[in-house]
Amino acid sequence: MKKLLTLVLLLSLAGCKTPVPVERHFPEAGKQELLEACPDLKLVAEGSPPLSDVLEVVTDNYIEYRKCKIKVDLWIKWYTEQKKIFEEVK
Amino acid sequence: MWILHFLPDGLLQFIVDCILLVGFVGTILSFFVINKILRLVPGFAKYYHIAQVVSILVLAIGIYLKGGYNTEMAWRERVRVAEEKVKIAEQKAKDANAQIKIEYVDRVQVVKDVQVVVKDRIVQVKEQIDAKCELDPAVPKLLNQAAAGGVKQ
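Top to bottom, those sequences are chains E and D. Sequential numbering of the first sequence, starting at -16, is according to the working numbering. Sequential numbering of the second sequence, starting at 140, is according to the working numbering.
Read the hints as simulated data drawn from the structure, not as lab findings. Computed from a predicted model, the values in this text were never measured in an experiment. Treat the hints with care, as some may be off.
[Said to hold, decoys possible] Pairs of lysine-lysine residues, derived as DSSO-like cross-links and limited to a Cα-Cα distance of at most 30 Å, are as follows:
no. : chain 1 : residue 1 : chain 2 : residue 2
1   : D       : K233      : E       : K54
2   : E       : K(-14)    : D       : K205
3   : D       : K240      : E       : K66
4   : D       : K224      : E       : K50
5   : E       : K54       : E       : K14
6   : D       : K205      : E       : K60
7   : E       : K52       : D       : K224
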């Protein structure tokens, strides 16, 4: 009888086990444009194009690099900040 | 213990406490009081085991429910705190995103402004530049090779 009592009381402790989920949403990207991939660099026309054309293409490529750099910089910033915010919740 | 969500907290606690109390009192009585009385009455002596088993079961159920109830309440409190933290964190994340949006627009605008200025300048000095220099066909090829990198053309 005492064994039965011990067994039943031990089994009753299983009532203390309860799973409780807390829902978290993955943060959105800072801006939709950040999700667009950087385009390929423009190419210069083959042959002997005027130098001004070459200069224009090179300028466009520099500009494209600058835009892409902004995206990468902001992704780094986004990640750093979101990670910090995420880790605050424990 | 998900089923506990359907009952009001006060009612749940009352039910659990009642079961626990009945089980506890029943166990004490069946083991230490009724037990001795029933033994003295021929014909009822064999029934005291049944009373003991039933009272132990009720006590066990009471302990189980009490544990479940307390755990449930503790989890509800933790969930409430966690949900508040998550809510604050999500707001912070939104604010950070809004800041990134502003920064993106501002910085891209600066780059676009520079682009316009430089392109205007190229147009202005176009004839001057082209008059002084004739490119070798190797120049575009090399530039394109560098620009394409590993990308196949």
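Evaluation of the provided hints:
{"no.": "1", "hint": "K233(D) x K54(E)", "in the structure": "holds, 18 Å"}
{"no.": "2", "hint": "K(-14)(E) x K205(D)", "in the structure": "holds, 22 Å"}
{"no.": "3", "hint": "K240(D) x K66(E)", "in the structure": "holds, 18 Å"}
{"no.": "4", "hint": "K224(D) x K50(E)", "in the structure": "violated, 35 Å"}
{"no.": "5", "hint": "K54(E) x K14(E)", "in the structure": "holds, 10 Å"}
{"no.": "6", "hint": "K205(D) x K60(E)", "in the structure": "violated, 49 Å"}
{"no.": "7", "hint": "K52(E) x K224(D)", "in the structure": "violated, 34 Å"}
Of the numbered hints given earlier, the model fails hints 4, 6 and 7; all others are met.
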